[in-house]
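> Keeping the supplied structure of chain A fixed, place chain B upon it in accordance with the hints.
Chain by chain, the residues:
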Amino acid sequence: MISKLKNNDKLLMIVFAILVLAGPIILAPFGAGYPDLLQRFAIFGILAVGYNILFGLTGYLSFGHAAFLGVGSYSTVWMFKLLTMNIIPGIILAVIMSGLFALLIGFITLRRSGIYFSILTLAFAQMSYSLAYSVLTPITNGETGLQLSLADARVLDPVNTSGSIPSTNLFGLEMNDTWRTTILGMDFQFNVGFYVSAFILIGMFYLSIRIFRSPFGLMLRAIKSNQNRLIYTGINTRPYTLAAFVISGMYAGLAGGLLASMDPLAGAERMQWTESGSIILMVILGGTGTLLGPVLGAGVIKYFEAIFSRINENVLHAWFDILPGFMENAMVWIVLPFVGKGWQLTLGLVFMLVVIFLPGGLMEGATRIGNWVMKLKNRGSADSTKTSAKTSAKSSDE
Amino acid sequence: MSVFTPNRRGLLKSGALIGTGLAMPTIFTASSVAAYTNAPTGSGAILGFNVPQSGPYADEGADELRAYKLAVEHLNGGGDGGMMNTFSSKALTGNGILGNEVKYVTGDTQTKSDAARASAKSMIEKDGAVMITGGSSSGVAIAVQGLCQEAGVIFMAGLTHSNDTTGKDKKANGFRHFFNGYMSAAALAPVLKEMYGTDRVAYHLTADYTWGWTQQESIAAATEDMGWQTINNVLTPLATQDFSSYIAPVLNSGADILVLNHYGGNMINSLTAAVQFGLRDRQVNGKNFEIIVPLYSRLMAKGAGANVKGIFGSTNWHWSLTDAGSQAFVKSFGEAYGFPPSQAAHTVYCQTLLYADACERAGTFDPCGVVEALEGFDFDGLGNGPTHYRAGDHQCFKDVLVVKGKENPTSEFDLLEVVQVTPRAQVEYPVDHPMFAGGALGKCNSGA
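Residue numbers (numbering that gives the first Met the number 0), protein chains in the order written: chain A, 0 to 397; chain B, 0 to 447.
Watch out, some of these pointers could steer you wrong.
Said to hold, decoys possible - Taking lysine-lysine pairs in the DSS-like style, the calculated list, with each CA pair at most 25 angstroms apart, reads:
no., chain 1, residue 1, chain 2, residue 2
1, B, Lys442, A, Lys340
2, B, Lys192, B, Lys286
3, B, Lys102, A, Lys340
4, B, Lys442, A, Lys80
5, A, Lys80, B, Lys167
Because the hints were derived from the structure by calculation, they are not lab data.
Note that the structure is predicted; figures quoted are calculated from it, not measured.
Isolated chain A, as found in the complex:
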């Protein structure tokens, strides 16, 4: 399948796959190498990649993608309750249901563009949230969230006599199975659920590269750069935007299904508009319209949410232990508002800095660093000739 790609993309794909699969090793030194967070990295990566197909390519800013995430989760949990604990039927239903749901919402909201489209999607998402929260309580179990119980039917599974709810699995491979090892005092955890999510992420990333490079992707970009011109040339853009909307909705549904597969619970708060907002943050933070950016952004936000929010006073005191007493207390006093409960404050600051100085997101930062390194290299190789040229250029500038 790799042979379909151009050389650059081939390299990108291979590097991406290696980085993702080595996630548990790379992230362990940062305290992020435990299964739950790794799974979230991969799953929200899928979500952001899918959102980028809509927002990055067509420029349509949807505020309602959390609704698809929620629909995916509910569908999957229902499959666990009714059919089997194998994740395949659940995930298939999640993708189908969210696709249908996206078709319905997209059909209505895509009649408008720009801010009106955003507001319409926001309204639909809030409607879905309220439905899930109270009106549809028999299906969603309201605020408590949809959970599995021993009494569930699970018609395809053998009769359960163990007295505990079976784990979600992929043909017998249990999602919460983890192989732990300690190397040089560091704890590495290789989790089945993470690898399932990671392979799906890699597959979805490949799909997104193919879409980006296809004529269809080109058409979506054309819509972003000038929709009016396209309409004047006689092209009906609605089918294209609708297709992009449905595809990204299905990505979100897939992410929701995976989320429920890793932890079989679906709650209404997953559909709240703040969740949709955080998807947008992920994409913008990483770099809108870039391939790798959204995955990066998703990782950064989830890292902040999981790690920064759990740094408390004790941890800070341990950090600044080497400083003398009053300095230690002063440092803790300064840093404390930015960690723990204040993690969103730090995230906000980072987001602001990125938007102001790197409008292209973290990917722009990476590109700039790359260029700078290249420049340094070039300068080093042609040092003698360059310095003379530079001094002459400088003097002429002055």
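Same frame as chain A, now just chain B:
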């Protein structure tokens, strides 16, 4: 479009790649050797304190955290020992648990099931917590209890008052010291009958989640038994801040009793709105209009200020109790933080001691051993009189306090007065009571 034009060779290649991919995780399925999840290795036993630090129950969460820290201090032999001295079981010696120093990690549930589970998961997977405790919302407690059952660690429920926690959603690895909606109703009904008579029309406002539903059901059933009529029940979302639109319809409903099935910040806001609408000064059907708050806490009374005067409710424990256990706890809590503990603080402190004691008696941290030690355990000296941990549903049975907002508080903490201590026999119910039916404990899970 040429997005997908698979040829035979490409298809075979990608098929092979995906196949290898799917097969790869099998390399990692070698299971661990430990006998149970997160067995302490001698460097300390880690407990996970998962409480709301934001959201409508943040006040309760903060007080719970204070009590947890105090319990850890006492277990490790620090401080004055608190209720460890009055506890009827003497297995705890101030030497940690089974010789392991007790350590803890904290997390924020945000009063959301998703966030609470993520937080509990990271405690289990990253920090190696051997027991999770906390909660100030039944929805969250039930979600986390389910997670702990699957992960093979013990869950000691904190403040959770829904019937479902030890009813239809009960789990073998989960234990609850706190009382529940049914017990509140059973304790309150006789007092209400005596105070307000048998001919009353009640209007319910109910927090829209498992706790609200089951408490409303319990209160409605108990009051209807004594002749009251339930005219309406309106569900309010947990995140509601302004209750005036819910209070206004009460005025013309013909009701002469308003039951607020709200807790924490919700109750403070709804009670304040009700008083501002002049409900308490009204006369309906020739009787004084009355408000009832079935589940009370001192923190709520403090938040609602003078509005709570004369309002009846029930509570699990109150700091003004004069038994030795309560006094010891109030003393050490007061010395540490400068004010008396709330019922939330009390229940989580008890739960931590009970867990530690069960480990000591079982001689292991293994969840199955702990479950065995706690099931059917009778104890005393933790502030509620003789208490029994029932094996059938892991619910504690003890006396229930009926309280009233004090008319003339003498201090900012002296807001509630105990009207009656309802004996345990009056609030007991069979395991298969219809309000608790539909679930199964299952078997204990030690995770290995």
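> If a hint holds in the structure, say so; if it does not, say that too.
Now the hints, each set against the structure:
1. B:Lys442 <-> A:Lys340: Distance of about 37 angstroms is beyond 25 angstroms: violated.
2. B:Lys192 <-> B:Lys286: This hinted pair holds, its Cα atoms lying about 14 angstroms apart.
3. B:Lys102 <-> A:Lys340: Between Lys102 (chain B) and Lys340 (chain A) the Cα gap is close to 21 angstroms, so the pair holds against 25 angstroms.
4. B:Lys442 <-> A:Lys80: holds (19 angstroms)
5. A:Lys80 <-> B:Lys167: Holds. Lys80 (chain A) to Lys167 (chain B) sits at ~16 angstroms (cutoff 25 angstroms).
When each numbered hint is compared with the structure, a violation occurs for hint 1 only.
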